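**Student:** Chains as they are written, first to last, in the working numbering: chain A, 1 to 491; chain B, 492 to 1097.
Careful, some of the hints might be misleading.
[To be verified] FRET-style restraints, in silico, Cβ to Cβ:
#, chain 1, residue 1, chain 2, residue 2, range
1, A, P444, B, G986, 33 to 43 Å
2, A, V477, B, A1008, 37 to 47 Å
3, A, Y155, B, G997, 52 to 62 Å
4, B, L510, A, R51, 33 to 43 Å
Hints were generated in silico from the structure; no laboratory data involved. For clarity, every value in this text was computed on a predicted model and none was experimentally measured. No residue lacks a Cβ here, since even glycine has one placed at the ideal position from N, Cα and C.
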Amino acid sequence: MISIVSLTLFLPLLGALVLVALPGISTRGAHAVGIVFAGLAFVGSVVMWARGVGEGGAGFSQVEEVAWIPSVGAAYRVGVDGVSLPLVLLTTVLFVVSLIFSAEISERARSYVALFLLMETASIGVFVALDAILFYVFFEVTLVGMYFVIADWGYEERRRASLTFFLYTLLGSLPLLLAILGLYLGSDPNTFDMREYIASPPLSGLAAMLALIAMLVTFFVKTPVFPVHTWLPLAHTEAPTAGSVILAGVMLKFGTYGLIRFALQMTPDAFRAAAPVVVTLGVFSALYGAFVALAQTDLKRLVAYTSVNHMGYVVVGVAVAAAATDASVRALALDGAVLQMVSHGVVTGVLFLLVGALQDRAHTREMGAFGGLLRAAPVLGWGFILAAFASLGLPALAHFPAEFQIFLGTLQVYPFAVVVVLGIAVTAGLYLRAIVRVFLGTLPEKWTGMKDMSAREALTIAPLLALTVALGVVPFVVLDVVHRATQAMGP
Amino acid sequence: MTLAALTILGPLAAAVLILVLRRLAPALALLGTGVALFGALSTLARVAGGARYSATLPGLPDLPLRIVVEPLTAVLALFVSVVSFFVMVYAVGYTAEEGDKVRFFAGMAFFAAAMQTLVIAGDWVLLLAAWEVIGFLSFLLIGFYYERPGVGEAATRAFLYTRTADLGLYVAIFILIAGAGTSEISRTLDLGGQAAVAAGLLLLLAAAGKSAQTPLQGWLQSAMAGPTPVSALLHSATLVAAGAILLIRTSPLLPPTVLLVVGILGGVTALVSGLIAVAEGDLKRLLAASTSSQYGFMLLAVGAGSPIAATVHLIAHAAMKSSLFLGAGVFQHARGSTAFDDLRGVGRERRWTFAGFALAGLALAGVPPLAGFWSKDAILAATFESPHAWLLAPLALVGMLLTAVYVGRALGLLWRGEGEAGEPVAGAGWMGAGLAALAALAGTLGLAVGPLAGLLGEDVQENLLIAGLGIVLALAGLPLGWFVPAGRLLGPLRGAAERGFRFGGGFDGLVARPAMAAARALDALDRGIHAVVIDVGRASLAVAEATRVADERGIDGLIRALVRGTRALGGLARTLQSGLVHKELLLAAVGGALVLAFLTIGAVGL
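The whole structure should be built from the sequences, with the hints applied where relevant.
**Tutor:** Structure, rendered in structure tokens:
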């Protein structure tokens, strides 16, 4: 039996080491190595998908374990369940696409690609880790990689952005470490095995609530949720395009994944008690993100704030699941939350790629500078229109099935919170405003020569757009896998 | 079931092929809608013979997608396919000189497929999906000439008005599914109590948006910026019909209070939009206002307790209004504009087109034996028989009068004046064919009312007295509109009617601007929060600086003070060792005295 999970996990790291070992490699060679290893990791994740998560899956599948510090109960443990497997696949897809898009980077390409491969291993690691310390290590390593990517290949304010991002999220991660230690001390026998924490939650009463609050702080900073979200617009706008794709598409999911895996599964009673507060924050954050996005004139900042909006829906879904007494409603809300994570990764990924392509051509992101671009760059334009309508929740495209499930669950558990559906009207307004201003109308003189998407760029957005449609029309392909885990979650 | 599926699959396949092949767009679109028409006809024949079909497709967990074919849905499928097909025929001619046929026909074909999905949807998720997708296609089709000024804004307006109203549909669906435990439409209609009232009002909100009812009718006027076949298909017969269709299908659910609200809203719309139509200076915008008004009649019928009357009018109106739009399109190509000022006398120039236009117009006004007479009669009879006749019937009567008035006005403005010689209009053959077919339907659909009622299993009210009343109104209104100018007819209401009865600044002032203001305020708040974060960073740098100072001056200083103190003490100790004999003797004497004293006290004490 090949340990496919570990193989998929460490292949990108191997690629990074290969790059380190070849200091004389050319730019094209470096990009080629990156794409090859990311591609292999993608193949690995497809094999993982094919092997599946087993029927009626409470618990984890494809588990691989190697003892590390037995006296402390820490080990190298990896495995997947219905929640993490789609996220692993999302990660590998987005990394391949990002590396193909990044093939244009010529400045210190070797370091760039190596950092991305490192981040890929760390990202997959976050989702497949079954040991709390391992999870934390991978969680933090991604920060390091992203710091360097933003600081060295970003835009004008990259120094401030990378430092703010790094310090803010690092500080935000510390409470999680405290919570993990609390879980460790509460478990009997003391272990860092996440499966043990889930099977028999080690803490109760005040200890559990404190651990939950610590975890919520960390995951709210990561997701991000109002008011600890302000690092996001800065980091997203200053990061290079592929960096933004990974940041929004993969790294934001660490927060919501943590909400499910840690907060929901390891301190269920405390979360149920805290659910009204979390729902309120989620609803406010979702509406807040949409409204602030409406006020933006910088396209990248606009897309960044819509991430706050969409992740707000996920938080609402998880909180609703925590509070639900009916198992089918709980599964409904969690299905929606996980599907929303996958949908957001795909759709926001393609939006950032398109905005990045636009910025490369025009050297500006201000909506007011554009007009009528649909005539000059139809592939870019129609791609944006499709992705924007997906992001605003149009049925037959990604986001609709997930949002439908989340809102339906919300009505059944917290009826007043259904006011969060207003978010989709606000999002519609902001995207239409952007589309009309940038792509419709008459084409100004200065943009008549604008080139449409190159073959390489089209190669990156095509699979993501195809996934956008697939997630909208046949969401059950993903939901069947997710549902196996969510139907077994909770008491 | 396969035949029924053809209604969707035909246009869908056509759309996909058009986008892939990028050629033969008109032919493929015709083929697709033709296949749909064939499917719908055969399905209706079978359903009339007693067959019922349903199909289930995988959707969400516990929420599968369903398609249901029964009398109502089969009839609706047929009318959608008939209108789609003939408008497509017309569109072949209309777009004869158009550049981007691929985009146009792909959009129209996708729309036809989505609309068909909506009418035969059997579960709420599929219905909602189709409802939204037709809104998206409407955005794309209204925005077809996206490079012209104002077109993007018109398309946006249409989408945002309807999308906002659609939130009502979303929440209503959640209430229904939560209450019934299933998403199958027919099984959710048994809900009662508060939930039914809430769901009913929310459904009405969504229907009011889609069918351009007051106060949400403004978007339809702007939607006229799209190509005329789009106005004919989407914005007269199908997309705007979705709202009425929703209320017709859910009428068993609606409690009496909600029905009353529906009726009043419909009646008020019929009135208000009728007045706007009388005041309009543009032919297409007059027809748009008329569309709102006619859908108001349908809501009035549902509110009066007769969904069958609404259905009959829905189908008749589709034929009548689309014919009117098709005629308007020919006039538009002839004169290059749709403003009445530019269209003077075009009726004389294009007599066949005007004949079709006039036939449809007279039908709309309710002149027997044309289709509109029968449907209006059914609605009027229903309002008189409803428990709220005192409220609903006058609204219906005034609405009917206004219909006749604006039809007369339109006909008059198009006919009076001198016809220009005019160049031959490109594609006139195709356009004429489409128009002729639909106008013929407008004339003859009256014959279908009886069989239709029989198929749907309900009676259509008929009352000679009321029918007579209707004829009187029609015959009074038509000459009134023809001869009397709008200003004199409307009197004091003219200004308000010309502005579309917008109050409070309309959607823009009441929703859009406050939303932007809120957005900007929250953006400022966000920058403030981020500034606080940066200040925390600066504060921690200040703390670091203070710590450094404390370390250097404080702790280091303490150590140095200690060192100084020790040296001082050492200095003091050194003064004792001065080497001066008299000081040493003094010390020795004092020391000796102290020792003697201690010894003496010690010896004495013991």
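**Student:** Does the hinted range 33 to 43 Å hold for P444(A) and G986(B) at CB?
**Tutor:** holds, 38 Å
**Student:** Tell me if the beta carbons of V477(A) and A1008(B) are separated by a distance inside 37 to 47 Å.
**Tutor:** Cβ of V477(A) to Cβ of A1008(B): about 43 Å, so the range 37 to 47 Å holds.
**Student:** CB of L510(B) to CB of R51(A), is that within 33 to 43 Å?
**Tutor:** holds, 37 Å
**Student:** Looking only at beta-carbon atoms, does the pair Y155(A), G997(B) fall within the given range of 52 to 62 Å?
**Tutor:** Since Y155(A) and G997(B) have Cβ atoms about 41 Å apart, the given range 52 to 62 Å is violated.
Violation of the numbered hints given earlier is confined to hint 3; every other hint is satisfied by the structure.
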